[in-house]
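Protein chains in written order, with numbering that gives the first Met the number 0: chain A, 0 to 333; chain B, 0 to 289; chain C, 0 to 275.
Treat the hints with caution; some may be incorrect.
Below are the BS3-like pairs computed for lysine-lysine, each with C-alpha atoms no more than 30 Å apart in a straight line [to be verified]: (1) K115/C with K129/A; (2) K250/B with K115/C; (3) K185/B with K8/C; (4) K8/C with K129/A.
Some but not every residue of chain A turned toward chain B, in silico, with C-beta under 10 Å [stated by the list, open to error]: (5) G75; (6) L280; (7) G281.
FYI, nobody ran anything at the bench for these hints, they're computed from the structure.
Cβ coordinates follow ideal geometry from the N, Cα and C atoms, glycine included.
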Amino acid sequence: MGSIELKSVRKSFGAVDVINGVNLTIPDGAFTVFVGPSGCGKSTLLRLIAGLEDTSSGQILIDGKDATNIGPAQRGLAMVFQSYALYPHMSVRGNIAFALKMAKQPVDVIDQKVKRAAGILNLTDYLDRKPRQLSGGQRQRVAIGRAIVREPKAFLFDEPLSNLDAALRVQMRLEIGDLHHSLKTTMIYVTHDQVEAMTMADQIVVLDRGAVAQVGSPLELYNKPNGLFVARFIGSPTMNIVTGPSADKRGAATIGIRPEHLQLSKTSGEWSARVRIAEHLGSDTFVYVEGEGVGPMTVRAEGEAELKPGERVFLTPIEDRLHKFDKDGKRIGA
Amino acid sequence: MATQQTRVAGRLLVAPSVILLFLWMIVPLAMTLYFSTLRYSLLDSDNVSFVFLQNYGYFLSDPNFFSALVNTLVLVGSVLVISVVGGILVALLMDQPIFGQSFVRLMVIAPFFVMPTVSALVWKNLLMNPVSGLFAWIAHSLGLPAIDWFTNWPMLSVILIVSWQWLPFASLILLTALQSFDEEQKEAATLDGAGAIPFFFYLVLPHIARAITVVILIETIFLLSVFAEILVTTAGGPGVATTNIAFLVYKQALLNFDVGGASAGGIVAVVLANIVAIFLMRIVGKNLES
Amino acid sequence: MALKQSMGKRVGMSAAAWLIGFLIFFPILWTFLTSFKSELDAFAIPPKFLFFHWTAENYAEVQSRSNYLLFAYNSIVLSVGANIVGLIIAVPAAWSMAFVPTKRTKDVLMWMLSTKMMPGVGVLVPIYLLFRDFHLLDNRLGIGFVLLMMNLPILIWMLYTYFKEIPVDILEAARMDGASLMNEIVYVLTPMAIPGIASTMLLAVILSWNEAFWTLNLTTSNAAPLTAFIASYSAPEGLFWAKLSAASTLAIAPILILGWFSQKQLVRGLTFGAVK
């Protein structure tokens, strides 16, 4: 139980509109990721849902009930902060139990719930430690444990992995994924990292300057970005964007082609280019080239392509994987 | 950055402090301003009349006011010079890798915690007494005549006492500022072949300039209203030799019972303090930004 | 520089620092020594530094002659009491300024600081007359209120700078966890800020303990703290140096010790956070 619906939600700080009219449905049990560049309003949107900020106008419905004007604690949502926001003076047990204490639950119930959460998160041995005695990953788990015990309608994650190193980030990503599978609770996850978004989400919400640019599953966004913004934002390395004659002849103002959808040849092709550098990753090679008349491009070549800087190559896009955009940056065709 | 509810709570919680301080500041100040326009003596409190600016005229044209103003400036200026220059030297010395630094620090900071009445009386009697004081004995031991401090050098005596109280403050704050001086910068300067003197003037002094400003301004605020030290040592004398503005207003009010005149003097003191305050607020305000 | 410093230079520097430290500290040490002398030894020329007949009778006499304990009690009650009340008012105010700042918060803070800069003599006359009319002269409540108002801006300022260092996330986490505002301040903010609150309190107690303008002008006997008690030794007939020293030692010892413990925080408090 935990569907969340936003109806024309607006938020402005003074004269600055941070969120301008967001309509969004987050289905019960789904893992939804808010993604966008910094300053797009994704964290503010999360805080509006949490109740840590007021909406300037619009409605927030939780389970179909209007929650716009009720306090954060009464919304039945739990939040995991970027900084973890653990209470430094309380033990792990105290941190996890705090919400239950505030809700005046009986001591034995609290104890039982804390133990269960600690069990799920492998924290049983650390219950009496203070947060400062824990590693980054353990702190992260305590923050999640604090959320779990409240049995919330939805979990809100605000860039929870950005303070971890790369290896730990991958591991925690998996753990959060597992948690979602076992709890089946609605989760909303904010990140600026499109890889996190692609790997974790059932539904991705791409935000641009306070508005929803596109909502969809990871593959929908990858295959059918509805505009240049999403096209550029989703996918790594970034989609190649071409304007000029090549776009004109295809009846578009701009065309986009992902690095993996460019065919590379040493003899002939649509665009001539010079190799700047080739990055050999083993399984793939990313080739950064300077195209003649089309500017810098990135090509993903299979295997261990032998290319030297300065070498002339030819590129040809796979026609049916081309994305066409009109002069306003909107997608043309299906 | 919060909800309406927390914002309202914020206003409510800050209100008691603001209201109390506002009343504390505005009510007496308004009364002082009002009294300063009255002929009002506590000895003759049935006979109060409005005289507009006459009290200011009397107060400002009183030769005692002029000498009190000079005394105030001399006291503030001398103590500032002694404590800041002395403080820089003491702080530089303590910033060296000396043995038992923390113990030296304890000794240096100690006088700041001594209440003004104690330091004044201890200095006046145990140290500066012309017959049995320690200074007299030292003078005699060196074959010099003992100095009758409070008779011949009353202002200097007060300045010494007050400087002793404020030198620790300056030392402590300047030492703290010095300690934040980047060690690598020091090493770089040594490698560049900077001698001790240029090193101090080109690198150290600019680094602690802000702390020095803060010390000067804060000390000035307190030094403008030095009172207890004068009350228990000289009572403003001999004559008016050590009467500063604070003490002059006190005398006018509680010894001469002249409410109107004392109030006018009080307002003058407020104006003087405000001139300093404006500078201090600028500095501290800048710190808020960073 | 530290590395290259020779041992000889280090010893020389240390000796110089110790000498300066000793000279600065000497008047306090001298007072302490004198407090254990007989009145005759106190006046002796040449002065007796350590080799005199040590006696504690001055301390006994200070109490019997002048009811020292009442003044000490007043000092403690006033400096601790006024600042506890001060903290109760200042903690919520500092919470508000640090975590729910408005456009005017900085102005309010600066204005609070400015009240500190008003010289006492500027308001001495009306305060004296008001206190006289409300029977607050030589009254603990009256002088306590004045001390409270003297320190309130400092309390709020210091707490504000400490609270600013606490991440707002943690308070928001508490809000999400269902803590009321009261619980948020009592269970989360206060325990986290305990070191800051303690040093704030310490500095405020030191300042109140040594406050000597209002205590001298508004109290005489019943509510008078040690500052006023010591001032009574300025009368010529009170010139008993050993007893003055004993009384002085008693008056400064507690605060000197507190001060030594809080010296680091002191810098921050006394400069309103401008030097840390």
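Comparing the hints with the structure gives:
Straight-line distance between C-alpha atoms of K115/C and K129/A comes to about 40 Å, which puts the hinted pair past the 30 Å bound. As the CA atoms of K250/B and K115/C are separated by approximately 23 Å, the hinted pair is consistent with the 30 Å bound. A distance of roughly 18 Å separates the Cα atoms of K185/B and K8/C; the hinted pair therefore holds under the 30 Å criterion. Restraint check: the Cα-Cα separation between K8/C and K129/A comes to about 46 Å, which exceeds 30 Å; the hinted pair is violated.
Among the interface hints, the one on G75/A is violated; its C-beta lies about 17 Å from the nearest C-beta in chain B, farther than the 10 Å criterion. The restraint placing L280/A at the interface with chain B is violated, with a minimum CB-CB distance near 39 Å, outside the 10 Å limit. The criterion of a C-beta within 10 Å of any C-beta in chain B is not met by G281/A, whose closest approach is roughly 41 Å, and the hint is violated.
In terms of the numbered hints stated before, the structure departs from hints 1, 4, 5, 6, 7, listed from lowest to highest.
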